[in-house]
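Undergrad: In the order they appear, the protein sequences are chains L and D.
Numbered according to full-length UniProt numbering, the first sequence spans residues 1 to 274.
Numbered according to full-length UniProt numbering, the second sequence spans residues 1 to 266.
One should not assume that every hint holds.
[To be verified] Below, simulated SDA-like cross-link-like pairs (lysine to any residue); rule was C-alpha separation at most 20 Å, straight line:
1) D/K112 <-> L/P54
2) L/K269 <-> D/G88
3) D/K112 <-> L/E179
4) L/K269 <-> D/L95
5) L/K269 <-> D/P93
6) L/K269 <-> D/K257
7) L/K269 <-> D/E86
8) L/K269 <-> L/P191
9) D/K257 <-> D/S44
10) D/K112 <-> D/R124
11) D/K257 <-> D/V22
12) D/K112 <-> L/F183
13) L/K49 <-> L/V38
14) D/K12 <-> D/D27
15) L/K269 <-> L/S190
16) L/K269 <-> D/Q138
17) D/K112 <-> D/G133
18) L/K269 <-> D/F30
19) L/K269 <-> D/V71
20) L/K269 <-> D/L139
21) D/K12 <-> D/P93
22) D/K112 <-> L/T176
23) L/K269 <-> D/G64
24) D/K12 <-> D/F30
25) D/K257 <-> D/T49
26) D/K12 <-> D/G64
[What the hints assert, rightly or not] Which stretches of chain L does chain D cover? Using the computed rule of at least three CB atoms under 8 Å from a CB of chain D, they are:
27) 111-122
28) 165-174
29) 177-185
I should point out that these hints are in silico values taken from the structure, not numbers from a laboratory.
Just so it is clear, CB atoms sit at the ideal spot from N, CA and C, and this is done for glycine as well.
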Amino acid sequence: MTAAIRTAATPRRVAAGWRRVLESIWFAVGFPLLLLVVWGIWATVAPQKFFPDPVTIIRAFVDTWIGPAFVEDVLPSLARLGVGIVLSIVVGVAAGTVIGLVRWMRELLEPTLEFFRAIPPPVLVPILMLIFGPQDATRVLVIVAGAVWPVLLNTIEGVRSTDSVMTETARSYALTFGERIRFLVLPAASPRIMAGVRQSLSVALILMVISEMFNNSEGLGYRITYFQTNYLIAQMWSGILLLGLVGVLLAAIFGFVERRVLAWYHGIKEVERA
Amino acid sequence: MPDTLLEVENLKKVYESSTGVVEAIGDISFTMRRGELVCIVGPSGCGKTTLLKCIAGLLAPTSGRIELDGVGVTSPPPSMALVFQEYGRSLYPWLTVRANVELPLRHTALAKDDRARLVDDALRAVGLDHAAGSYPWQLSGGMQQRVAIARAVAYQPEVLIMDEPFAAVDAQTRADLEDLVRTLHRERGMSILFVTHDIDESVYLGERVIVLSKSPTWVQEDLPIDLAPERDQIATRALPRFTELRTHVYEQIQRAKRGEAVRPSA
């Protein structure tokens, strides 16, 4: 009897699973679609010079970005963004681990770090360009100069607040320094580190654009500024649309990595909530 | 004396803070033989955990000496394993049960196969061989403490130190875990130093019970437990001798709490 019910129920459960997948896709794209429709109607009813209708912008998007511009402007920007993010994470985690572990270093450096973090990085862009010249490395440096702080400060905090019993366990079992870093300190700090990385991503994207606005001849930020100053309004909007899409892509990659790195953390949260 | 494993001599620990000086441990001396199961019991706040941390080399004593195998303890000795009361904070939640048990063995000279064999054997000894791939937080409290015990067993220590390990588990689980400790002691000849605030537990488990005074702490009594080595939760606890011993320890603890016992002057 139970077996019969179970076999009967299985296909229905599969169907329900598919329905849930479709539903979540529909929910994810539904609202953007609605916005597009409202925007399209609005633009038809009351045309605006500086805010064209979606069809015009999407056409401009295809004309502008699909083709050589992708290789000349988008890819270099994305490469600098990627290198900047990776460097920010590596430098932030490495320095943060050292500072978090060594108490006198923390006490010595923390006020200064808070000061540097408080400086809005865009104000440094012109002077960095002057000092290091308008080259790729300078633009990466601009990204790192802003994006490293959330990772660094969160790592320090995460490393510092490692549970005392876990630390004593490591000491009593005489774990080596490398083992302590790899199996205790970094995993224990990983929820904070990931929170820092999440903040860094948006900072990095902003700085990627800003770093390209000053004496440059390629890159997404340069292109958008160029369109702006030449009244190429649809093209400018298509660039902004592309930036938004890059942001969505970054968030998706982050979510994918975070679910794997913090699987244990989310598991504990789920157990606690149940 | 080759069979003296652990020797604690005139141990004293004073905490100095901005609010004043607190003498946690006055003067503790005792010895433990190889293969013994010694329980330490005392009134709450008598510095049991401080004593253990000193023995484990996690805390430096103000004065006095601790020797393990004739060697002074100044940092955590490699031949000692610890089981904490807070199992949830002692196991690493990002590692599986198996990886947790294996972690202290990683830097030993053991070959991979030997390591795996030790881990399997330890997990089997605590009855958790089926849960090797789970994460600690997927297990109940009692099972988590079993993982911590398995980690200590796999480490093959000279002495196993347990700090109120069963204070946070329910009564039935507790009885099972007590029998597990007895089994490890009997079948593997493990030397175990077991700290508890539970008088019944100390008498049921121990071959000797060391009763501590209230803080500043000294050894109020060193009581041999003359019960048969085979112990049973029902039969042993029903013995008249068990009742006598637990009553005796209970009275000692009460005296300790009231501060009636007089510290012998050295």
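Undergrad: Is the hinted pair L/K269 and D/V71 satisfied, with a Cα-Cα distance of at most 20 Å?
TA: 45 Å, violated
Undergrad: Is the Cα-Cα distance between L/K269 and D/P93 20 Å or less?
TA: Roughly 12 Å separates the two Cα atoms, so the pair holds.
Undergrad: Against the 20 Å threshold, does the CA-CA distance of L/K269 and D/E86 hold or violate the hint?
TA: Given that 20 Å is the threshold and the Cα spacing comes to 18 Å, the pair holds.
Undergrad: CA of D/K12 to CA of D/D27, is that 20 Å or under?
TA: Given pair D/K12, D/D27 holds - Cα atoms ~5 Å apart, limit 20 Å.
Undergrad: For a C-alpha distance cap of 20 Å, please report whether D/K112 and L/F183 respect it.
TA: Given pair D/K112, L/F183 holds - Cα atoms ~18 Å apart, limit 20 Å.
Undergrad: Is it true that the CA of D/K12 sits at most 20 Å from the CA of D/P93?
TA: Since the Cα atoms of D/K12 and D/P93 sit roughly 36 Å apart, the hinted pair is violated (cutoff 20 Å).
Undergrad: Run the distance test for L/K269 versus D/Q138: straight-line Cα separation, threshold 20 Å.
TA: The given pair, whose Cα atoms are some 11 Å apart, holds under the 20 Å limit.
Undergrad: Verify the proposed pairing of D/K112 with D/R124, using a straight-line Cα cut of 20 Å.
TA: The hint holds at about 18 Å.
Undergrad: Count the residues of the region 165-174 of chain L whose Cβ falls closer than 8 Å to any Cβ of chain D, and tell me whether that reaches three.
TA: holds (count 8)
Undergrad: Go check the region 177-185 of chain L versus chain D for me, would you? Three or more residues, Cβ under 8 Å, otherwise it fails.
TA: Since three or more residues must qualify, the claim that chain D covers the region 177-185 of chain L holds, with 3 doing so at under 8 Å.
Undergrad: For the pair supplied as a hint, D/K112 and L/P54, confirm whether the alpha-carbon distance does not exceed 20 Å.
TA: 62 Å, violated
Undergrad: Would the hint linking D/K12 and D/G64 be met if the CA-CA limit is 20 Å?
TA: Judged against 20 Å, a Cα distance of about 6 Å means the pair holds.
Checked against the numbered hints given earlier, this structure breaks hints 1, 6, 18, 19, 21, 23, 27; the rest are met.
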